[in-house]
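Taken in order, these protein sequences are the chains called A and B. Reading the first sequence from the start, the letters are residues 787 to 1247 in the working numbering. Reading the second sequence from the start, the letters are residues 787 to 1247 in the working numbering.
FYI, nobody ran anything at the bench for these hints, they're computed from the structure. The structure displayed is predicted, hence computed values, not measured ones. Careful: at least some of the hints might be erroneous.
Copies of the same chain are indistinguishable here, so a pair counts whether it falls within one copy or spans any two.
Using 25 Å as the maximum straight-line C-alpha spacing, the simulated SDA-like pairs for lysine to any residue come out as follows [said to hold, decoys possible]:
#, residue 1, residue 2
1, Lys1129, Thr1093
2, Lys1243, Glu979
3, Lys985, Leu964
4, Lys818, Thr1095
5, Lys896, Tyr1110
6, Lys791, Ser1194
7, Lys1052, Gly938
8, Lys791, Glu936
9, Lys1243, Gly974
10, Lys812, Trp1200
11, Lys977, Leu964
12, Lys1130, Gly984
13, Lys896, Arg1181
14, Lys895, Leu1202
15, Lys1243, Arg937
Number of protein chains: 2
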Amino acid sequence: MQRSKIKDIFAQGQAGRDVLVQGWVKTRRSSKSVTFIQITDGSTLQDLQIVVDEANPSHETAAGLTTGCSVSVEGVLVESPGQGQKYEVQAGSVTVIGGSDPETYPLQKKRHSPEFLREIAHLRPRTNTFGAMARVRNSVAYAIHTFFQERGFQFIQTPIITASDAEGAGSMFQVTTLDLNDVPKDGGEVKHEDDFFGKPAFLTVSGQLEAEIFAMALSDVYTFGPTFRAENSNTSRHLAEFWMVEPEVAFCELDGLTELAEDFLKHLTGHVLENCLEDMEFFNKWHDNSAIATLEGIANSNFERITYTEAVKLLQSSGEKFEYPVAWGTDLQSEHERYLTEKKIQKPVIVTDYPKGIKAFYMRLNDDGETVRAMDVLVPRIGELIGGSQREERRDALESRMTEAGISLDEYSWYLDLRRYGTVPHSGFGLGFERTVQFITGVSNIRDVIPFPRTPKSVEF
Amino acid sequence: MQRSKIKDIFAQGQAGRDVLVQGWVKTRRSSKSVTFIQITDGSTLQDLQIVVDEANPSHETAAGLTTGCSVSVEGVLVESPGQGQKYEVQAGSVTVIGGSDPETYPLQKKRHSPEFLREIAHLRPRTNTFGAMARVRNSVAYAIHTFFQERGFQFIQTPIITASDAEGAGSMFQVTTLDLNDVPKDGGEVKHEDDFFGKPAFLTVSGQLEAEIFAMALSDVYTFGPTFRAENSNTSRHLAEFWMVEPEVAFCELDGLTELAEDFLKHLTGHVLENCLEDMEFFNKWHDNSAIATLEGIANSNFERITYTEAVKLLQSSGEKFEYPVAWGTDLQSEHERYLTEKKIQKPVIVTDYPKGIKAFYMRLNDDGETVRAMDVLVPRIGELIGGSQREERRDALESRMTEAGISLDEYSWYLDLRRYGTVPHSGFGLGFERTVQFITGVSNIRDVIPFPRTPKSVEF
Chain A
787 MQRSKIKDIF AQGQAGRDVL VQGWVKTRRS SKSVTFIQIT DGSTLQDLQI VVDEANPSHE
847 TAAGLTTGCS VSVEGVLVES PGQGQKYEVQ AGSVTVIGGS DPETYPLQKK RHSPEFLREI
907 AHLRPRTNTF GAMARVRNSV AYAIHTFFQE RGFQFIQTPI ITASDAEGAG SMFQVTTLDL
967 NDVPKDGGEV KHEDDFFGKP AFLTVSGQLE AEIFAMALSD VYTFGPTFRA ENSNTSRHLA
1027 EFWMVEPEVA FCELDGLTEL AEDFLKHLTG HVLENCLEDM EFFNKWHDNS AIATLEGIAN
1087 SNFERITYTE AVKLLQSSGE KFEYPVAWGT DLQSEHERYL TEKKIQKPVI VTDYPKGIKA
1147 FYMRLNDDGE TVRAMDVLVP RIGELIGGSQ REERRDALES RMTEAGISLD EYSWYLDLRR
1207 YGTVPHSGFG LGFERTVQFI TGVSNIRDVI PFPRTPKSVE F
Chain B
787 MQRSKIKDIF AQGQAGRDVL VQGWVKTRRS SKSVTFIQIT DGSTLQDLQI VVDEANPSHE
847 TAAGLTTGCS VSVEGVLVES PGQGQKYEVQ AGSVTVIGGS DPETYPLQKK RHSPEFLREI
907 AHLRPRTNTF GAMARVRNSV AYAIHTFFQE RGFQFIQTPI ITASDAEGAG SMFQVTTLDL
967 NDVPKDGGEV KHEDDFFGKP AFLTVSGQLE AEIFAMALSD VYTFGPTFRA ENSNTSRHLA
1027 EFWMVEPEVA FCELDGLTEL AEDFLKHLTG HVLENCLEDM EFFNKWHDNS AIATLEGIAN
1087 SNFERITYTE AVKLLQSSGE KFEYPVAWGT DLQSEHERYL TEKKIQKPVI VTDYPKGIKA
1147 FYMRLNDDGE TVRAMDVLVP RIGELIGGSQ REERRDALES RMTEAGISLD EYSWYLDLRR
1207 YGTVPHSGFG LGFERTVQFI TGVSNIRDVI PFPRTPKSVE F
């Protein structure tokens, strides 16, 4: 018989048919006359109940099962008289595939702390929280692809190893094949020509500049891959390795970009509500009781647009006591962003036209000479979820900004070539995948939304 | 007016309607009375012809356009009286957005060598070959996701930075934040505790072991992300950085895995034929005139299954002169693989049950004690395209293999835990994304199927 996944069994129903189910034991309780086993196969949050009567030749086997055992069950799907499930399986045979010693198995029926579960990250996908997390991550990741594919964007894989460090978005990891015990030197300096790439190489902090190359040929592209920050930040919001989505759109100015960002977030949240409602109800119940309402808020509200200058005025006239002072020319802090989106405007807010001094060199300068066509999308609980801009497509203006920023025009001549040959207005943004999953699930620590978090002093599994 | 993409214009047709088209000039030819401009926007291989009559106020502008200029054109879509296209645009207005100096623009109408185009990898997406390549890559990548999503697999992002080096699949890149000019040492040894992760860290060669963790909870998972090899191989088939797909399936033995691999390749090739036929016809015409026939061969043939032992017999009795001798116990070389799939069997071949000495420690040992449940899928022109195995799920057998291979049981205790708690038969394979794109397009050098190739001494852009 063909194996059925538990998700499909519940979806298809049809009491009376024979089924073969394979999975892992969540719990088992036995009385003299009957044993109930809850099994999961990871296809859905919902366990499937297996009923093994005393008369069943497998009853002794079933009565000995413990949490974590793997089993194969053949039986008949029947309507469940019990509460909490519509169907259950009246077992014909129960076969143990792999045992699980209850004396040593670290996952018990009780709730475990997130810190403990991080130490056994190879077993935590078996818990309800991390199973649900994996399914929501998968759903968001696939929604990212379907959104862009339906709009004719091409998925580009930009390089992970790079010699560029232009964005200066923080410290970078170096990639090398040199023997650290015996680094070859020439006149006291590292002989980079002996290294694999013949020059210093790093892990990318962003695929944007390379994505721009492809937008200048294919019009609409996006990247979706890992990026890195070698920052010594031990916070609940930072990872040294995380995935990022970066669309880049030719013939698109800032207004078009804000529309794309709004449509994108609505697509992601709508997709999760439609495809992972059961998992979201779990997060809503156990992790953040505003999780579903927040998603519905994204899906149903029109995002507000204000300029940075307006935002500063709103903050200054708010009467709120902020930890960090608000002044035109300084960056907005998380507390400011959250005040705007949660309290003042009470929906997602897109803030545009930031002072050039606090934004990257490639953002398009406004006619005022002071602000740039940047945008940040602020959402409740998180603050900035998306950051982007219209790019500076005028070569002379870009060269001025690069010179100001101390970036070598020679080294980035390829980037300037995009403005030399058939330049067009273009725009793009970046969205951190893990921070988005954190936002969607309401889980408080970013280490608990990624399979194997990489943080300072932590690179296990 | 809303911009229309050229692909949509050709797909929707409807002569007589107004359109706004934005893109880059491929070619322009003018006579006294009329100028024809071919423009592309990357949405399709096909250029759109713009017709600008002498009477048009934009005619002088149009007549001055050169290759690479970006333009915005408003006009009326009409049926084309000329050959080679069904529709063209009778221009109302032509606006130049960005110029392109014909004296310095490196891309001219003539055909450029692949070597030259690699040097200007920031401009080569504008050529027909690399535009088509980007669209085929996108199509294959999306087909990878749709295949697994439709089957209920969960997409998992396994870590890029890892402390594991178990697979031993070649040299690894080290990842560090130590200053190479001044590596901190303690008693002559590198002080790894000063490094970002507090111990040596590397770029992953495979996400398999981590994917197994998730298969033991979610049943069916896949990874799709970058992997790395620090091998000093300057060949047309090797990259230091490439993307890999790795499904891992619980409750699945080798036969199920070969079926999955066959279905997968048929889905990928079928998807490309359906969605990128125009681009494939281009590759078929200019790069490999067997490209489309090869894809159709995959889609329409039933893959043959033979054991390694049978393969060795076929090779030994072939009468062929091979560069490398064939003997039971040594690995098959590309020439052997190609003989089997191209000449002897003349369709894709899945070779199973290789000698344990030439395969990884985690492959399941057969009862003969000599061979393992490995499989390689061989296809014409490339040889091995997929490699996989049923995994050793028996803890004692796995520990023996690890001890033989000199792998620390302590360091991989988490991997052994998967066999300690609820172990199940499971199987998985790996498919190199770039090698697949190379196979599909027939392009001879792997450096020309990836946006920015990373190879020894080469890390540009």
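How the hints compare with the structure:
| no. | hint | verdict |
| --- | --- | --- |
| 1 | Lys1129 with Thr1093 | within (17 Å within a copy, 67 Å between copies) |
| 2 | Lys1243 with Glu979 | between (30 Å within a copy, 8 Å between copies) |
| 3 | Lys985 with Leu964 | both (11 Å within a copy, 16 Å between copies) |
| 4 | Lys818 with Thr1095 | neither (73 Å within a copy, 54 Å between copies) |
| 5 | Lys896 with Tyr1110 | neither (41 Å within a copy, 60 Å between copies) |
| 6 | Lys791 with Ser1194 | neither (57 Å within a copy, 36 Å between copies) |
| 7 | Lys1052 with Gly938 | both (18 Å within a copy, 24 Å between copies) |
| 8 | Lys791 with Glu936 | between (29 Å within a copy, 13 Å between copies) |
| 9 | Lys1243 with Gly974 | between (30 Å within a copy, 22 Å between copies) |
| 10 | Lys812 with Trp1200 | between (57 Å within a copy, 20 Å between copies) |
| 11 | Lys977 with Leu964 | both (9 Å within a copy, 16 Å between copies) |
| 12 | Lys1130 with Gly984 | neither (54 Å within a copy, 44 Å between copies) |
| 13 | Lys896 with Arg1181 | neither (62 Å within a copy, 27 Å between copies) |
| 14 | Lys895 with Leu1202 | between (60 Å within a copy, 22 Å between copies) |
| 15 | Lys1243 with Arg937 | neither (41 Å within a copy, 38 Å between copies) |
The structure does not agree with the numbered hints 4, 5, 6, 12, 13, 15 stated previously, though it agrees with the rest.
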